[in-house]
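With the hints as your guide, set chains L, R and D onto chain U.
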Amino acid sequence: MNEKELKATVLKALASVVPELDEAHLAPEKNFREQLDIDSMDFLNYVIALCAATKIEIPEADYRKIASVDGTVAYLAQHQKRSSAT
Amino acid sequence: MVEFRMPSLGADMEAGTFVEWLKKPGDRVSRGEIIAVVETQKGAIEIEVFQSGTLETLIAKPGQKLPVGAPMAIIRGDGEAAAAFAPPPAPAVKALETRPPPAKAPVAPALATPSAGIHTSPAARRRAAELGIDLQKLVGTGPDGAVTSADVERAAAAPSAAAAMRQAIGAAMARSKREIPHYYLAHSIDLDPCLRWLASENEKRSVAERILYGALLLKAVALALHDYPEFNGYYVDGAFRPSAQIHLGVAVALPKGGLVAPAIHDADRLPLPQLMVALRDLVNRARRGGLRSSELADSTITVTSLGEQGAESLFPVIYPPQVAIFGFGMVLDRPWVVDGTVVPRHVISASLAGDHRVSDGHRGGRFLTAVAQMLQKPEAL
Amino acid sequence: MIDHASKVHLDRKHLLRLLREMLRIRRFEERCVELYSGGKIRGFLHLYIGEEANAVGAMQAIGPKDAVVTTYREHGHALARGISARALMAEMFGKMEGTSRGRGGSMHVFDAATRFYGGNAIVAGGMPLAVGIALAAKMRGERNITACFFGDGAVAEGAFHESLNLASLWKLPVLFICENNRYAMGTAIERAQAQIDLTKHAESYAIRAEAVDGMDVVAVEVATHRAADLVRETGEPYFLENRTYRFRAHSMYDPELYRSKAEVEEWKKRDPITLLEAWMRDSNLLHPEDMPKLEAEVAAEIDDAVAFAEAGQWEPVADLCKDVMTVRKVGVLEAAK
Amino acid sequence: MTTTTYRDAVRVAHREALQRDPRVFLMGEDVGRYGGSYACTKGLIEEFGPERIRDTPLSEVAFVGAGIGAALAGMRPIVEIMTVNFSMLALDQIVNNAATIRHMSGGQFSIPLVIRMATGAGRQVAAQHSHSLESWYAHVPGIRVVAPATLADARGMLWTALEDPDPVVIFEHAMLYSLEGDLPEGSGSVDIDRAAVLRPGRDVTLIAYSENLHKALAAAELLAQDRIEAEVIDLRTLRPLDDATIMTSVRKTRRAVVVDEGWRSGSLAAEIAARIMEQAFYDLDAPVGRVCSEEVPIPYPKHLEDAAIPQPHKIVATVKNLFGSHG
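Chains as they are written, first to last, in the working numbering: chain U, 42 to 127; chain L, 81 to 461; chain R, 104 to 440; chain D, 3 to 329.
No lab work stands behind these hints: they were computed from the structure.
Beta carbons are placed, not taken as given, at the ideal position from N, Cα and C, and that holds for glycine.
Treat the hints with caution; some may be incorrect.
Claimed, not checked - Computed Cβ-Cβ distance ranges for the label pairs, DEER-style: (1) D/Met-90 x L/Asp-214: 51 to 59 Å; (2) U/Pro-100 x L/Asp-214: 37 to 45 Å; (3) R/Glu-245 x D/His-305: 55 to 63 Å.
Chain U extracted, bound-state conformation (with noise of 0.2 Å):
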């Protein structure tokens, strides 16, 4: 997927969580937890749905870096090379 595409992913799987997500009032750069409120259960849904999406199995301990919406595209952007490149 391109970066365009895994944007578009990203916020899918947030909106699947926050269904009455607007795009608009949200950083990209910075922590949705805050900014949405989201519990460890909305996280947890999230992840899932990102997994779902993308086939990118993400572990426990990369949570740090999806914790916002640009940290997640470049996680799986990069995740994407290597698993293709390998």
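Quick look at chains L, R and D alone, frame taken from chain U:
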């Protein structure tokens, strides 16, 4: 050697009945010559041969019904040596295989399955699903009393679900403060054992099966209640009635505000993975408005947690007619003394509110520390 | 064979051409019988064997700018008009390389290049079209004529009477050519028409008419030249009744219960090909090597046509609805690309 | 703005087409000397002469077939069949030749023909002269079918139809010819691909064409008195149907009634109802209603004829039972 076959006898003809040979084996035949007669429903038709040569062997017998393309005789072409020629077993109808491949049959659209019970218009059915409205509870104003989308909109709006919920919570909390003499206890618990165990446990699991520490808290409270039954039950008509089952009410904050506390039934007997599944199902359905009323009424004790955002510790209000409520604050990094040295630990503050008509602080404190102990050996939960 | 001095130039070269054209049609259709029996050609197949003189004779007098409208018994007209044996055979196989992309089959050959406005499976269905095409020519002052072929069966249809009347009333340049082979499918003309002299039908609409020996290719050519020139000069319709006979069934297959074998054998004595062959031999215009050479050439052309058809493509199902209507943007009209 | 009639709009449209394109000519029964059975072509023969305004004998097969032939050969004929009732004789030419030749010739031939015919009942001329068979024509791939209900469409559809490389059948309802109204100056050709929303509404969509479009508008006024706001769609094109406009409206109002003067079985209303079920099923709050002619040969007496064909009160009743108790 050439097979003389039953010719295609017209657009609507699939087979013909063989009538007679006009030639006998060994006779010469030349192209265009009539050598047989076949009966069709339109009448007898003379069949010509297209191959000059000698009639070798006759296969078709009078009265035999033969499909188009079936071999009727073998003709030896001019100049071919007579050779033993076993007639082929099945009628090889190769020539007819030139039709184009059939187009894929169009897929029949899946028919919507009629739902039993009340008539509901398709628009109403779709809108109810979107708004998480339970159709059973609606009175239809459409044709033959059918439920229409307008009925669904009215149900969702009147009055706004959140406002109704606000009133319900308010009433319960006011009654609780009026009737229940609360006493409060708090205790800090080292959560590192749980978090370490979870980290290794979740590595072995796929994303969908990972367990949150919240599930461990619930299981610890549920198990501890075995030794502290006076915190699990109802205070009704002036007396406490302990409950044989342990139905943990889990307080869930809703996106548009408000709180519901659906129960996880027999939480003490559920293995951790199932407890996690139950928890996730309840939270998701609560947030989509998909809970059944039965799930909101039979908790024997409630556990509430502020999750990652919120305060260090909380002192919750008991849900009547329950007699206790457990609370967990935020997980924080705190200095912790181990064997005399100070080390950093993830610490959570657990608090208990009890109904002094049923239990007292001493037993409350023991109950709290029991939960804390259990959380030091997560593998046993 | 009567003598036809008039305009037709009866030299050896021309007569050999007539012979070759008739032979070509005969062998093409004989091969179609074989291909039909083998299942390669399907649906309906109406043979012209015995009537070759009409198409070959007529087409000598019908120019490239003239229009042709015919019926489902059209292979002879198509070949004599100049449509390739390849395209015709491919059409009968239903292949894309056919005259109509394989969609029409034996009864619906179309060719814009030769203004061949199709076979038509509805008896007399093409006659009003011919009238209209001629109307267009007249309104635009063009000197071309429209040749409209049909059989004795069409004479019973309303379209026949309405078309003849309209063509005569509006003085339209239509050359009506009735190939009267005496049978409308299984009904002999005596059992279908109160008046079996079909020229009388045409004359009742004030259309000049003439009967022609439809087994004599030279007679047909001479009559058609004269008629075509008259239509071109006067702009008025003309009616030829070519009295002919088909040696094979109406279509593949019918048991021909409606006529006796003796009658067929009687007519076969005046096979248009053998008639011309004998006449040329008597007038020593036919050399011994001519027939074998013609047969070889024709056989090669037909084998090539069959191979071409065999190798042809099936039209992809995705093109099923292509050409139903012109493709244009909604709301805006542009000519189809 | 000039006040005029539907019939005169048709005449002006013919005059303009005949002036603009020499390939255009008109053929039909009594279109010349008599000036048209509904007086739509009065004066044309005097202006354009008998060559281009051709009175035909009563030979529908021949002159409709000739129209197709002339179009095949490059002309732009307008063939008037006096009424749809006589067009049945020419159906073979229309279906087997006009609609078929482009496809069956492998795309070689074009038939830029316009056929006009009056249709419908209401003049007490009894069964054989009161048919409404638009659905027969709208069933056939290879032709386009339009039904001008307004003066603007009567004025504007002809030229667009003539420019279309494929055959176009124009149905003019017999009751519309004397319809009066205003036609803006310089109103010219109109598109023939889209339906038009003539009255916005939110509670139900009324889908109609030709004379019944006006009955649907009348019904909408009656419904408004009962606080039911009906959206009225003029189909304008019967083939191809403008699904987009229909579905957009039905998805908004969630109810639809189709008004069609044909007999109910196998009618155009049946086709539209099926398409709504296929494309907007999950937006419906009630089954699609249909107001069609009763399945009877249209009777001669006025009271019976009126009872047989669609009427505003029938439309109102059909709409009402799409609503439940408190409509």
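Structure-based check of all given hints:
1. D/Met-90 x L/Asp-214: 51 to 59 Å: 57 Å, holds
2. U/Pro-100 x L/Asp-214: 37 to 45 Å: For L/Asp-214 against U/Pro-100, whose Cβ atoms are near 40 Å apart, the range 37 to 45 Å holds.
3. R/Glu-245 x D/His-305: 55 to 63 Å: Holds: the Cβ-Cβ distance is about 57 Å, inside 55 to 63 Å.
Checked against the numbered hints given earlier, this structure breaks none of them.
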